[in-house]
Amino acid sequence: MSKINGKIAVFTVFLVLVVVYGYMQAPTNREVKIDSFLIQFENGTTEPEVKAILENYNMTLNYSIDCNSDNGGYKYYIKVDKDDMPDVVKDGLKKDKNWTDSGSPSFTKGDYVIYPVTEQAIHDKNFLEILKRHNIQVKTFVWCLVSYRDNSTRYDVLGKNCITEKDANRITNELEMNENVLIVMPEYICY
Amino acid sequence: MVKNKITIGILLLVMLVGVALIPAVSAQEEKDYSVTAEEALKHANANMIHFIATNPQGFENWTGASIDSKPVELYDINGQKLFYQFSVYKNTNLIGRIDIGANKTLGQSVRLVETDPIPFKVAEAMNKSIEIAKNESPDGKIKSTTIVVYAYPEIGAMTVVKDKTTGVEHRIFVDAYTLEKVEDKPATETEPGVLSMYEKISKKEIDENLKKWQNSDELTKSIEQEANNNGININLPVTEENIKKLSGNTTIASTTVQKAIAIPAYFAETILTVPTYTQATTYYCQPASAQMLTKYYNDVRPTQNVIYAMMNGVAPNGVTDTNALLYYKSSSGMNKPNSVKTTTVIYWDTVVNEIEDHGPFMSGTPTHARVCCGYQDNGFLTSYLRINDPWPVGHAYWEAFGEDTHRIYVRS
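One line per chain: the protein sequences are V and D, in this order.
If you read the first sequence in this note's numbering, its first letter stands for residue 92, the second for the next number, and so on.
If you read the second sequence in this note's numbering, its first letter stands for residue 163, the second for the next number, and so on.
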């Protein structure tokens, strides 16, 4: 009987220790930490090219690269010269609201407007005719996840497997200057 | 020769006066951006009338409420005054809070409106931060203890303690809801740990924000003018009697005030019925937000543990958007395969379209995930987003537009 009681006591102490340890490990702060970047590259950029591009920047920590279309959102876009944009719009580019998504607005890159378009648009005869008249091709975004994560159970350790917002802002600004990089999105760890 | 000397003399004098004036002008400009407590009270009162009149969700019982004219001053972690937080009472019960920006560079004057405020423990948090400071630095000199927004929208106490020997300053943060210590690195402006709201405002945003403040001031003044015409002093708390005076009839108060003063030329509002859930652990904001959205889109409520696992969460780590999307997209999760993350600069029209055409979405600050389920647009004068926040307990509030940094849009 006393043996069983002893076992229960040991088990209870163990359980309490586990709970206390878990509680101590739980993050109670709200530090801004970024563990990766989701980067949108120009059509046709290959993973080795991505690697070569990133090597020119101080990324602060070691990272891994995963270029996979499932990482990102919109697949397709068109690239229109800023000066030609009014003509293309006049010709009906914004005629059908299903051709674009307000959640992914167009943006400028150098002398061009990058105009994300839906899957529906690229199968729409009218839409394709507009592109044809203006000699515009449908392009595909290349999405890459550049991650600082390692095999640690804690992946939110600053200076080890995630970086500060200040570094993330610097990297974002620097990378977005590169002609092959369209958008850089820091991955904030949310609590 | 004499003429040349006089010319040179005048030039030197002009330069001298110029040199003397430039810092004075700059200082004047800096000073001009601050908002006094009296100005803030005017804005709080005027906007309360506006909310009572427009009657969005959560304000149904606000008629007859009054604002405590003595605000709690909330500071930024950089030491600058950030918000005046006014408490709203009805029959001595706390029914709301209105945060007014203490500086015009923050933008629109009303920063946050809580309609189901969670009581927080200002005195206890301050005492605890002092206590920790004394324990950790027995030889230190406590320089100040203030209530701060340490990582928007989280509020806590900050005690600054200076080591008498080394002269190094430390900041001790204690959360005002949980009374838990919030870690910080030694007090340098660039060290991470907590988030300054002032530091995130870029120079190019300042001009735009000043315009937004002017717009909200215009709305306040138009309400103030109408109140004055009715013999009501807007500097005094807004009572039921005042609302009656403005309407002449309590039963039609809302409509009359609405027509008379509170509705600008353009007004639009939509709130979607999204439940508000509490996050089950300190690091479950993404699962809790996804849980709210799943209930809205699919009318089911999976557990936050299941969602966390599908987001590849490993306790006790937080979750990024890309990992959260694993759950959003999965057929065994939210089953919204075309959901997307975005950090592109958000435009007001984008939010309106998103809510109207698609539905609620995850709205993230740099450290936290919440759900945006509505908006209120007062014709470029003021604009708010309706936020369901899972931390520290699920609650909803109106937030000045422009506070979020990243979003997940839900797409089938």
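Treat the hints as calculated values from the structure; they're not laboratory data.
For every residue, glycine included, the Cβ atom is placed at its ideal position computed from N, Cα and C.
Mixed in with the good hints, there may be bad ones.
Beta-carbon label-pair distances, calculated as ranges [stated by the list, open to error]: (1) D172/V to P554/D: 45 to 55 angstroms; (2) H225/V to E431/D: 54 to 64 angstroms; (3) P177/V to P554/D: 45 to 55 angstroms; (4) Q242/D to D202/V: 34 to 44 angstroms; (5) P177/V to S231/D: 21 to 31 angstroms; (6) K366/D to H225/V: 26 to 36 angstroms; (7) Y509/D to K257/V: 24 to 34 angstroms; (8) K173/V to E298/D: 33 to 43 angstroms; (9) T440/D to D182/V: 31 to 41 angstroms; (10) T231/V to A471/D: 29 to 39 angstroms; (11) K366/D to D157/V: 47 to 57 angstroms; (12) K366/D to N134/V: 39 to 49 angstroms.
Structure-based check of each hint:
1. D172/V to P554/D: 45 to 55 angstroms: Holds, since D172/V and P554/D (Cβ atoms, about 51 angstroms apart) stay within the stated range.
2. H225/V to E431/D: 54 to 64 angstroms: Once the Cβ atoms are compared, 40 angstroms apart, the range 54 to 64 angstroms for E431/D and H225/V is violated.
3. P177/V to P554/D: 45 to 55 angstroms: About 51 angstroms separates the Cβ atoms of P177/V and P554/D, which means 45 to 55 angstroms holds.
4. Q242/D to D202/V: 34 to 44 angstroms: holds (41 angstroms)
5. P177/V to S231/D: 21 to 31 angstroms: violated (54 angstroms)
6. K366/D to H225/V: 26 to 36 angstroms: At roughly 33 angstroms between Cβ atoms, H225/V and K366/D fall inside 26 to 36 angstroms, so the hint holds.
7. Y509/D to K257/V: 24 to 34 angstroms: Given range 24 to 34 angstroms: holds, Cβ gap about 26 angstroms.
8. K173/V to E298/D: 33 to 43 angstroms: violated (57 angstroms)
9. T440/D to D182/V: 31 to 41 angstroms: Given about 52 angstroms between the Cβ atoms, the range is violated.
10. T231/V to A471/D: 29 to 39 angstroms: The hint (29 to 39 angstroms, Cβ to Cβ) holds, given that T231/V and A471/D are roughly 32 angstroms apart.
11. K366/D to D157/V: 47 to 57 angstroms: violated (34 angstroms)
12. K366/D to N134/V: 39 to 49 angstroms: Given about 30 angstroms between the Cβ atoms, the range is violated.
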